[in-house]
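Number of protein chains: 2
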Amino acid sequence: MTVAQPAVELDLELVLKALSSARRLQILEWLKDPASNFPVQEIGDPEIHGACNQYIGDKLGISQPAASRHLKVLTDASLIVATPRQGWIYYRRDEEVLDAAKRLINDI
Amino acid sequence: MTVAQPAVELDLELVLKALSSARRLQILEWLKDPASNFPVQEIGDPEIHGACNQYIGDKLGISQPAASRHLKVLTDASLIVATPRQGWIYYRRDEEVLDAAKRLINDI
DNA sequence: TAGCCATATAACATATTAGTTATATGGCTA
DNA sequence: TAGCCATATAACTAATATGTTATATGGCTA
Numbered sequence: 015m016t017v018a019q020p021a022v023e024l025d026l027e028l029v030l031k032a033l034s035s036a037r038r039l040q041i042l043e044w045l046k047d048p049a050s051n052f053p054v055q056e057i058g059d060p061e062i063h064g065a066c067n068q069y070i071g072d073k074l075g076i077s078q079p080a081a082s083r084h085l086k087v088l089t090d091a092s093l094i095v096a097t098p099r100q101g102w103i104y105y106r107r108d109e110e111v112l113d114a115a116k117r118l119i120n121d122i
Numbered sequence: 015m016t017v018a019q020p021a022v023e024l025d026l027e028l029v030l031k032a033l034s035s036a037r038r039l040q041i042l043e044w045l046k047d048p049a050s051n052f053p054v055q056e057i058g059d060p061e062i063h064g065a066c067n068q069y070i071g072d073k074l075g076i077s078q079p080a081a082s083r084h085l086k087v088l089t090d091a092s093l094i095v096a097t098p099r100q101g102w103i104y105y106r107r108d109e110e111v112l113d114a115a116k117r118l119i120n121d122i
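From first to last, the protein sequence lines stand for chains P and A.
With the working numbering applied, the first sequence corresponds to residues 15 to 122, in that order.
With the working numbering applied, the second sequence corresponds to residues 15 to 122, in that order.
Careful: at least some of the hints might be erroneous.
So, partial list: chain P residues that the calculated Cβ filter (under 10 Å) puts toward chain A [to be verified]:
id: 1; residue: Val22
id: 2; residue: Leu24
id: 3; residue: Leu28
id: 4; residue: Val29
id: 5; residue: Ala32
id: 6; residue: Asn51
id: 7; residue: Val54
id: 8; residue: Leu74
id: 9; residue: Ile76
id: 10; residue: Ser82
id: 11; residue: Arg83
id: 12; residue: Lys86
id: 13; residue: Ala115
id: 14; residue: Ile119
id: 15; residue: Asn120
In short, the hints are calculated from the structure, not lab data.
From a predicted model like this one, the values you see are computed outputs, not experimental measurements.
We put the CB at the ideal spot given by N, CA and C, even for glycine.
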């Protein structure tokens, strides 16, 4: 019996372009464990909601707008999800989409 | 018992940059079956040696130097291998490296 | 509802990518 | 060994990517 795979519609080239940046690979790595990799946040559960733009930009050592654009590239490729919460926006990995992307890549 | 994995040293960002191009994904796809995807060649076995620069450039509809550079990007990332043979240079997939790359990507 | 503050967007500079045409290189072969 | 011919490199152009600072946007909260 096979596990049903959700029909995630992915643009392989878009996904690979999003992944082909050391900065964005680093963000995805940190988001595997937001609670360990980012400062304590008063609001929301980092394990559920991820980390916010400012923390990510600070840790990368780049400006807030630069971090914002990296997060947009990852969001446009559907690899991460944004959750607005009390004035902050938390970003987390979308493991389902990441798995779908890996399956596509395994066919290369 | 696990199958021994060769210690292929790969730069993940370099590999992903090489893969993040529709042109280069197309080349890799065609090279899965060179005999079906390229004209008959007098010299060498396409299944073993792959296809040459000119055939690839012609099929992509780009110039010979443009194809040459795409092949260089893939070669620099170790994803394909060049085999010189009687004045032509054949390019084939390196399945071992591709598999190693996929294993790295599966850890993203 | 006024204002704060996190994020997004604009405008800009610079670097990289990807195409072109022209030319150099270098291994086969006659 | 002379020359051919496939490939590589050079020089250039245009588009894209990535960083900056300045500014706009818009949801919370006091």
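Taking the hints in turn, this is what the structure says about them:
| no. | hint | in the structure |
| --- | --- | --- |
| 1 | Val22 | violated (16 Å) |
| 2 | Leu24 | violated (13 Å) |
| 3 | Leu28 | holds (9 Å) |
| 4 | Val29 | holds (9 Å) |
| 5 | Ala32 | holds (8 Å) |
| 6 | Asn51 | violated (15 Å) |
| 7 | Val54 | violated (26 Å) |
| 8 | Leu74 | violated (15 Å) |
| 9 | Ile76 | violated (17 Å) |
| 10 | Ser82 | violated (21 Å) |
| 11 | Arg83 | violated (17 Å) |
| 12 | Lys86 | violated (17 Å) |
| 13 | Ala115 | holds (9 Å) |
| 14 | Ile119 | holds (5 Å) |
| 15 | Asn120 | holds (5 Å) |
Hints 1, 2, 6, 7, 8, 9, 10, 11, 12 from the earlier list are contradicted by this structure; the remaining hints agree with it.
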